[in-house]
Amino acid sequence: MAVPKGEDDAAVDAALIERYMQGDQRAAAEIVKRHAAALARFASSTGEREEIDELVQDTFVRAFNSLETFRADSSLRTWLFTILRRLVLDRKRAERRRGNTVELEEGHAVQAFDALDALVADETAQRVARALERLSPMQREVFVLRVTEGTAYGEIAKILGSTEGACRVHYHNAMKAVKEFLDDQ
Amino acid sequence: MTSECNDISVRDLLPEYVHDTLPAAERARVTRHLEACDACSAEVAVIRSVRSAFAAVAPKVAIPRIVAALPAAPRPARAAAPVLAGGAAFGFWRIAAGLALVALGGTSVVLARRVMGVRISPAPATAPAIAVAPKARPESGATVRQTATALPAHPPAAGAEEGVSFGGGFSDLTDDQLKDLLREVDGMQATPSADPEEHVAPIVSVPAPIVPLNDGGNHAW
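So the sequence lines, in the order shown, correspond to chains A and B. Residue 5 in my numbering sits at position 5 of the first sequence; the count goes up by one each step and never skips. Residue 240 in my numbering sits at position 55 of the second sequence; the count goes up by one each step and never skips.
No wet-lab data here; the hints were simulated from the structure. No residue lacks a Cβ here, since even glycine has one placed at the ideal position from N, Cα and C. Keep in mind that a hint or two might mislead.
Computed list of lysine to aspartate or glutamate pairs in DMTMM-like fashion (alpha-carbon distance at most 25 angstroms, straight line) [stated by the list, open to error]:
1. A/K176 to B/E189
2. A/K33 to A/E51
3. A/K176 to B/D223
4. A/K158 to A/D73
With the Cβ distance kept under 8 angstroms, some of the chain A side facing chain B (calculated, not the full set) [stated by the list, open to error]:
5. V12
6. L16
7. I17
8. M21
9. Q25
10. A36
11. A40
12. R146
13. M175
14. A177
15. K179
Label-pair ranges, simulated between beta-carbon atoms [stated by the list, open to error]:
16. A/E123 to B/R212: 37 to 43 angstroms
17. B/L286 to A/Q22: 37 to 43 angstroms
18. B/E211 to A/E95: 42 to 48 angstroms
Using the sequences and the hints, build the whole thing.
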């Protein structure tokens with residue numbers, strides 16, 4: 001019987017963490033290689049356009065500084081996403097305090113997400129980007145994690161501090177909205 | 186526009202189907218469902234489009250720079266144990282060496298004081314002590330203790346008055362003894378030999394309170 005990829009990934013991550021804790025710095029490089037791109041994608045889905053590289057780096061630095069607190073009840077990638085999301089929220093709160101208003105809450109008409117629209121030249125990708133712009137931040141985060149990373153609802157709920165049921169509802173509503181937008185184009 | 190599929194159990198698996206993370210049996214089940222369901226097929230198409238869009242704009246991250254910013258890997262616990270054990274062992278030997286040095290130093294001070302006292306003591310009592318002192322070693326505590334306790338055992342009172350004055354002892358010699366002493370002194374080489382044994386024997390045999398110094402008698406008179 002084939003081992004599900006998620007379980008396989010968790011085993012690989014656990015082995016790498018063990019090697020790192022035993023003093024193998026190369027294991028840290030392997031961990032970064034495995035998750036950096038996914039973190040960057042997730043960062044861009046939150047509306048971050050600049051300093052994504054720095055954001056991903058800060059995420060890893062913070063994670064490795066508290067790696068002994070990591071518990072395997074969720075995957076390493078889920079934990080990294082959680083750290084990154086907190087960093088994003090902290091940054092946006094700081095920007096808001098400085099007067100650079102960035103909408104964070106659900107239901108706001110103005111969305112900060114335009115990273116794809118600004119960067120994608122492909123027509124289909126641009127239409128996807130516009131479809132995602134119409135989603136609420138929570139719908140978009142759930143949708144992106146589910147579609148681009150294949151993250152399970154339970155893991156998404158941990159990352160976003162929500163429930164599995166709520167995430168499932170957000171995903172299906174987002175999927176319906178995106179499909180309708182793409183069909184109307 | 187396609188209507189939604191009511192088979193939630195399959196719809197929930199579509200992202201995993203696209204990511205190819207399903208077990209074989211479930212993947213086969215989803216494949217069969219997709220052949221008959223336009224709504225789910227359309228949903229799979231959306232998932233693939235979104236994935237492609239994100240792949241196209243995925244920000245490049247400088248992995249070497251991130252790795253360089255990471256904290257150094259912690260020292261392994263297994264490697265730390267021998268270091269601690271070695272350090273503890275090294276510390277033990279340092280303490281032992283320190284105690285040996287203190288014992289040696291203390292013994293040297295005691296012996297030096299005894300030697301100074303011996304120089305004003307009668308010759309028969311001091312000669313053995315002088316011979317023992319250079320051989321005392323720090324690891325032989327018994328020898329050191331024996332030497333230290335043996336020295337006070339000599340009756341100082343008996344020779345104390347005799348030895349108060351270095352030159353006064355000659356006044357107790359008879360004329361014959363003085364003549365013998367002078368003959369022996371005349372017979373000595375002007376330049377001392379490098380071999381201390383030749384000088385120690387005649388000097389110790391002199392019944393005067395003159396005691397050879399603790400240099401093996403290698404000195405001129």
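For each hint, the structure was consulted:
{"no.": "1", "hint": "A/K176 to B/E189", "verdict": "holds, 8 angstroms"}
{"no.": "2", "hint": "A/K33 to A/E51", "verdict": "holds, 18 angstroms"}
{"no.": "3", "hint": "A/K176 to B/D223", "verdict": "holds, 14 angstroms"}
{"no.": "4", "hint": "A/K158 to A/D73", "verdict": "holds, 11 angstroms"}
{"no.": "5", "hint": "V12", "verdict": "violated, 14 angstroms"}
{"no.": "6", "hint": "L16", "verdict": "violated, 11 angstroms"}
{"no.": "7", "hint": "I17", "verdict": "violated, 11 angstroms"}
{"no.": "8", "hint": "M21", "verdict": "holds, 6 angstroms"}
{"no.": "9", "hint": "Q25", "verdict": "holds, 5 angstroms"}
{"no.": "10", "hint": "A36", "verdict": "holds, 5 angstroms"}
{"no.": "11", "hint": "A40", "verdict": "holds, 4 angstroms"}
{"no.": "12", "hint": "R146", "verdict": "holds, 5 angstroms"}
{"no.": "13", "hint": "M175", "verdict": "holds, 6 angstroms"}
{"no.": "14", "hint": "A177", "verdict": "violated, 11 angstroms"}
{"no.": "15", "hint": "K179", "verdict": "holds, 6 angstroms"}
{"no.": "16", "hint": "A/E123 to B/R212: 37 to 43 angstroms", "verdict": "violated, 31 angstroms"}
{"no.": "17", "hint": "B/L286 to A/Q22: 37 to 43 angstroms", "verdict": "holds, 41 angstroms"}
{"no.": "18", "hint": "B/E211 to A/E95: 42 to 48 angstroms", "verdict": "holds, 44 angstroms"}
Figure legend: structure checked against the earlier numbered hints; hints not met, in rising order: 5, 6, 7, 14, 16.
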